[in-house]
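S.K.: The chain contents come next:
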Amino acid sequence: DGGITQSPKYLFRKEGQNVTLSCEQNLNHDAMYWYRQDPGQGLRLIYYSQIVNDFQKGDIAEGYSVSREKKESFPLTVTSAQKNPTAFYLCASGRQRSSTDTQYFGPGTRLTVL
Amino acid sequence: KQEVTQIPAALSVPEGENLVLNCSFTDSAIYNLQWFRQDPGKGLTSLLLIQSSQREQTSGRLNASLDKSSGRSTLYIAASQPGDSATYLCAPLYSGAGSYQLTFGKGTKLSVIP
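So the sequence lines, in the order shown, correspond to chains Y and Z. Quick note, my numbering runs 13 ahead of the 1-based positions in the first sequence. Quick note, my numbering runs 234 ahead of the 1-based positions in the second sequence.
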């Protein structure tokens with residue numbers, strides 16, 4: 014069963030704590046992405062990775078960190094430096110070798126800071 | 235920086251109606267434009283991808299058009315059904331920092347009333 018999985022579906026965090034969101038794909042895609050979505054807003058790019066052991070900051074990287082040690086995995090850590098972390102987080106992957114390639118999205122993780 | 239606007243923000247129609255969703259973008263140097271569907275609390279599903287050289291793309295009851303020079307795209311839904319109720323997002327693809335990147339609009343929330 015191919016696709017992208019994100020865990021957990023819901024996550025609660027106390028202020029001042031770091032938390033890591035999981036994203037795994039078995040589509041053999043080179044590129045992976047993390048987006049943040051706030052109510053009534055479009056998706057904003059946090060980080061992306063085009064190849065293992067390499068990643069780039071997106072538009073809103075401050076307060077977040079990522080790693081890409083394996084092709085299948087692209088975890089996102091929300092650090093205590095992120096001032097307003099409550100949001101819906103979406104992971105995506107794609108071949109991104111040409112302009113005909115689309116991105117495939119996971120089901121998302123809803124993070125709430127208490 | 236690419237900005238994407240979707241009008242209307244919300245739309246409610248009776249079942250069976252044909253409808254049009256609008257998307258405009260500021261930078262016409264795009265490779266393609268994609269329309270996605272998002273159900274509440276879920277990830278995104280790609281509906282249609284129009285290459286920059288194409289004028290339109292069709293899938294079932296959906297038809298998307300692209301006028302790259304004027305920075306506009308429309309998504310036409312024929313004979314709407316309650317199952318079409320969702321948020322529809324458009325996202326042009328452009329080249330940024332050596333990779334293909336999507337910029338998302340805020341979406342149009344569609345409700346089809348039985």
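Where hints are given, some of them may not hold.
[Stated by the list, open to error] Listed below are the simulated PhoX-like cross-link pairs for lysine-lysine, each with C-alpha atoms no more than 20 Å apart in a straight line: (1) K83/Y to K70/Y; (2) K235/Z to K343/Z; (3) K343/Z to K276/Z; (4) K70/Y to K235/Z; (5) K27/Y to K96/Y; (6) K235/Z to K22/Y.
For the record, the hints were derived by calculation from the structure and aren't laboratory data.
S.K.: All hints are to be evaluated individually against the structure, with a verdict given for each.
M.R.: Evaluated hints:
Restraint check for K83/Y and K70/Y: the C-alpha separation of about 18 Å stays at or below 20 Å, so the hint holds. Only pairs whose Cα atoms come within 20 Å are accepted, and K235/Z paired with K343/Z is rejected, the gap being roughly 25 Å. Taking the CA atoms of K343/Z and K276/Z, the gap is near 14 Å; set against the 20 Å cutoff, the hint holds. Pair hint K70/Y plus K235/Z holds up; C-alpha atoms about 16 Å apart against a cutoff of 20 Å.
Between K27/Y and K96/Y the CA atoms are separated by roughly 12 Å; this keeps the pair inside 20 Å, and the hint holds. Simply put, K235/Z and K22/Y have alpha-carbon atoms about 32 Å apart, too far for the 20 Å limit, and the pair is violated.
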